[in-house]
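Asks: Take these sequences, add in the hints, and give me the full structure.
Protein chains: 2
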Amino acid sequence: MRPVTPSARVNRRTVVSTLALLPVATATLLSASVRAEATTEIDPLPSWNEGAARKAILDFVRATTDASSPDFVAPEQRIATFDNDGTLWVEQPIYTQFAFALDRVRAMAPMHPEWKETQPFKAAIEGDTKTLADAGERGLLKLIMATHAGMTTDEFQNIVLDWLANARHPKFQRPYTELVYQPMLELLAYLRATGFKIFIVSGGGVEFMRPWTDKVYGVPPERVIGSSVKTQFEIRDGRPELLRLPEVNFIDDGAGKPVGINEHIGRRPIAAFGNSDGDLQMLEWTTKVDGRRLGLIVHHTDGEREYAYDRRSAMGRLDVALDAAAANGWVVASMKSDWKRVFSFQ
Amino acid sequence: MRPVTPSARVNRRTVVSTLALLPVATATLLSASVRAEATTEIDPLPSWNEGAARKAILDFVRATTDASSPDFVAPEQRIATFDNDGTLWVEQPIYTQFAFALDRVRAMAPMHPEWKETQPFKAAIEGDTKTLADAGERGLLKLIMATHAGMTTDEFQNIVLDWLANARHPKFQRPYTELVYQPMLELLAYLRATGFKIFIVSGGGVEFMRPWTDKVYGVPPERVIGSSVKTQFEIRDGRPELLRLPEVNFIDDGAGKPVGINEHIGRRPIAAFGNSDGDLQMLEWTTKVDGRRLGLIVHHTDGEREYAYDRRSAMGRLDVALDAAAANGWVVASMKSDWKRVFSFQ
Numbered sequence: 000m001r002p003v004t005p006s007a008r009v010n011r012r013t014v015v016s017t018l019a020l021l022p023v024a025t026a027t028l029l030s031a032s033v034r035a036e037a038t039t040e041i042d043p044l045p046s047w048n049e050g051a052a053r054k055a056i057l058d059f060v061r062a063t064t065d066a067s068s069p070d071f072v073a074p075e076q077r078i079a080t081f082d083n084d085g086t087l088w089v090e091q092p093i094y095t096q097f098a099f100a101l102d103r104v105r106a107m108a109p110m111h112p113e114w115k116e117t118q119p120f121k122a123a124i125e126g127d128t129k130t131l132a133d134a135g136e137r138g139l140l141k142l143i144m145a146t147h148a149g150m151t152t153d154e155f156q157n158i159v160l161d162w163l164a165n166a167r168h169p170k171f172q173r174p175y176t177e178l179v180y181q182p183m184l185e186l187l188a189y190l191r192a193t194g195f196k197i198f199i200v201s202g203g204g205v206e207f208m209r210p211w212t213d214k215v216y217g218v219p220p221e222r223v224i225g226s227s228v229k230t231q232f233e234i235r236d237g238r239p240e241l242l243r244l245p246e247v248n249f250i251d252d253g254a255g256k257p258v259g260i261n262e263h264i265g266r267r268p269i270a271a272f273g274n275s276d277g278d279l280q281m282l283e284w285t286t287k288v289d290g291r292r293l294g295l296i297v298h299h300t301d302g303e304r305e306y307a308y309d310r311r312s313a314m315g316r317l318d319v320a321l322d323a324a325a326a327n328g329w330v331v332a333s334m335k336s337d338w339k340r341v342f343s344f345q
Numbered sequence: 000m001r002p003v004t005p006s007a008r009v010n011r012r013t014v015v016s017t018l019a020l021l022p023v024a025t026a027t028l029l030s031a032s033v034r035a036e037a038t039t040e041i042d043p044l045p046s047w048n049e050g051a052a053r054k055a056i057l058d059f060v061r062a063t064t065d066a067s068s069p070d071f072v073a074p075e076q077r078i079a080t081f082d083n084d085g086t087l088w089v090e091q092p093i094y095t096q097f098a099f100a101l102d103r104v105r106a107m108a109p110m111h112p113e114w115k116e117t118q119p120f121k122a123a124i125e126g127d128t129k130t131l132a133d134a135g136e137r138g139l140l141k142l143i144m145a146t147h148a149g150m151t152t153d154e155f156q157n158i159v160l161d162w163l164a165n166a167r168h169p170k171f172q173r174p175y176t177e178l179v180y181q182p183m184l185e186l187l188a189y190l191r192a193t194g195f196k197i198f199i200v201s202g203g204g205v206e207f208m209r210p211w212t213d214k215v216y217g218v219p220p221e222r223v224i225g226s227s228v229k230t231q232f233e234i235r236d237g238r239p240e241l242l243r244l245p246e247v248n249f250i251d252d253g254a255g256k257p258v259g260i261n262e263h264i265g266r267r268p269i270a271a272f273g274n275s276d277g278d279l280q281m282l283e284w285t286t287k288v289d290g291r292r293l294g295l296i297v298h299h300t301d302g303e304r305e306y307a308y309d310r311r312s313a314m315g316r317l318d319v320a321l322d323a324a325a326a327n328g329w330v331v332a333s334m335k336s337d338w339k340r341v342f343s344f345q
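Top line first, the protein sequences correspond to chains A and B.
Just so we're aligned, residue 0 is where the first sequence starts under numbering that gives the first Met the number 0, counting upward by one.
Just so we're aligned, residue 0 is where the second sequence starts under numbering that gives the first Met the number 0, counting upward by one.
Since the hints were made in silico from the structure, they are not lab data.
Being a predicted model, the structure only gives us computed values, none of them experimental.
Cβ coordinates follow ideal geometry from the N, Cα and C atoms, glycine included.
Wrong hints could be hidden among the right ones.
[Unchecked claim] Stretch by stretch, here's where chain B covers chain A in the computed footprint (C-beta under 8 Å, at least three residues): (1) 209 to 223; (2) 230 to 243; (3) 264 to 277; (4) 281 to 295.
Replies: Rendered as structure tokens:
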């Protein structure tokens, strides 16, 4: 599941120009023979069909990384932010983290006999999706707090990894970590090879993502920004621990995304990638400034290979942001027409 | 003020092993001639006297970065965290950020005639340090909120940079950004060259530090963790901005440091560096676990070249953490005896 090695995918000229950004000691090690190879072109985005979306990405990267370009951006300013659910991996029929919470409620139910008579726990145990939907965000928050708090950060990490190792997606019958979009993995590798620092900026829980993002996306924990609960430092049996409290610390969604980006990165991105109205402000924050910028929205148009939804469907919402895309010149990438493959196994 | 280039200071064997951590494409570029040079030893810590502190640092780095060592730590786990005030730069006679706040009150006073009659603003304007000291943390917070909020993040960054360009330290009569400890700059460069990711974890305001840490320490904004005010996303005249609100978001001090580290990095450090009781929990969080770890405290023992203070002096507090150092095997580096130079200009 690790993204392809950049050198295997991007054109060699790109590799050489990336290496040129490394410390002098490294740059001087480039032998003439390697420079000679630099003319071989290898497609960095093989799972993207020819079209406007693919062209916009390639043009943007060339314009911002070619030192002779008027739109050149210094390497330290090459920040790219990616939403996770629906942008890098599947978010249907429900958010993966919600599936995790429901499974955790069922696993923890024997220790909580009162849940059999208390909503939304009763509905979670019984798989009563109608009642769960009616319980709304407030109900979801109750389930999250009951299942995501009350343990140390180290314990929670193990719970997440155990669950991911065993859980299977209902439609694809595969581990969730295989349901990541192959074209987006190629895009991550391409940006990385051209000197971009990649951050995930997700409404999902930061500690639900960090245990696996490095392995799956090549994005290390310190480059993952997400929602969080409060934690508390404690010495337990002589060992320092952080206890997860059932209290919201930060919601990294909507207008919270620019706030989270600023808190964690301290620089404005020059490229941002999302798929829903929750990404609107991140895309605005990134693109509505001077200088060459890229905003891209993944449009779920492929009911066969993945799911088809937008606007105000029950499954997700891409409404205001879809209109804003047209107004702001953001790229709308259609899964059906822009992607040769959706998943690596297809 | 940029730290010395790693290649100029560290021994070449270290450089070669660091390069080995870079992507395969780079590693294969290492020519045989460079490998042959790897035996030349260059002292990575020339401003550190021979002694226990220096030896502990060198031993720790060798033990954790030599692949044949039983204490070897994989590169992605090599996280080192540094306090800022008093650990990397001067914090006397008052925190630099406090000096900034006082200057800002004076600069803003004409727009706030009511401050002439309101404490602690009156004391700030008049330089009445006794009244300021009596106003305590609550008074300081009032000054911070009045001077650090009410503008956009971009505006605040410019205010900080303007101030730093003109302000001079009362004892040394130099810009504050020159009052960084030369031995610590060497340590940062050494750790960077041996594959460590370096983070600043300071009680100071994160947006007070980020405008200059890359230039002065080689630590980019996304690796700076600090205290913060809340911010709010707004579209102003068609442009997205983050407005700084007069409300505390996070205090990155004491037991807040492990919390901040976990929120931003998502991994436990293996080395931590501080100088006061505010760093106690960060050092505990880092070192009181299995595996080879390094905790180090900078001890301000040099009243001549810098300042001498510890325990419960009016100038700063290193009390509980100094006792904990002895109990936990943390290194206590004495400015007077362990450092050949304190500042680059000495």
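Asks: All the hints need checking, so say for each whether the structure fits it.
Replies: Hint check:
1. With a cut-off of 8 Å between beta carbons, the segment 209 to 223 of chain A has 7 residues touching chain B; three or more are needed, and the interface restraint holds.
2. Evaluation of the coverage hint for the segment 230 to 243 of chain A: fulfilled, as 8 residues show C-beta separations to chain B shorter than 8 Å, against a requirement of three.
3. As drawn, the segment 264 to 277 of chain A meets chain B at 3 residues by the rule of a beta-carbon pair under 8 Å; at three or more, the given contact holds.
4. Judged by the Cβ-Cβ criterion of 8 Å, the segment 281 to 295 of chain A is covered by chain B as claimed, because 4 of its residues qualify and three suffice.
The structure fails none of the hints (numbered hints given earlier).
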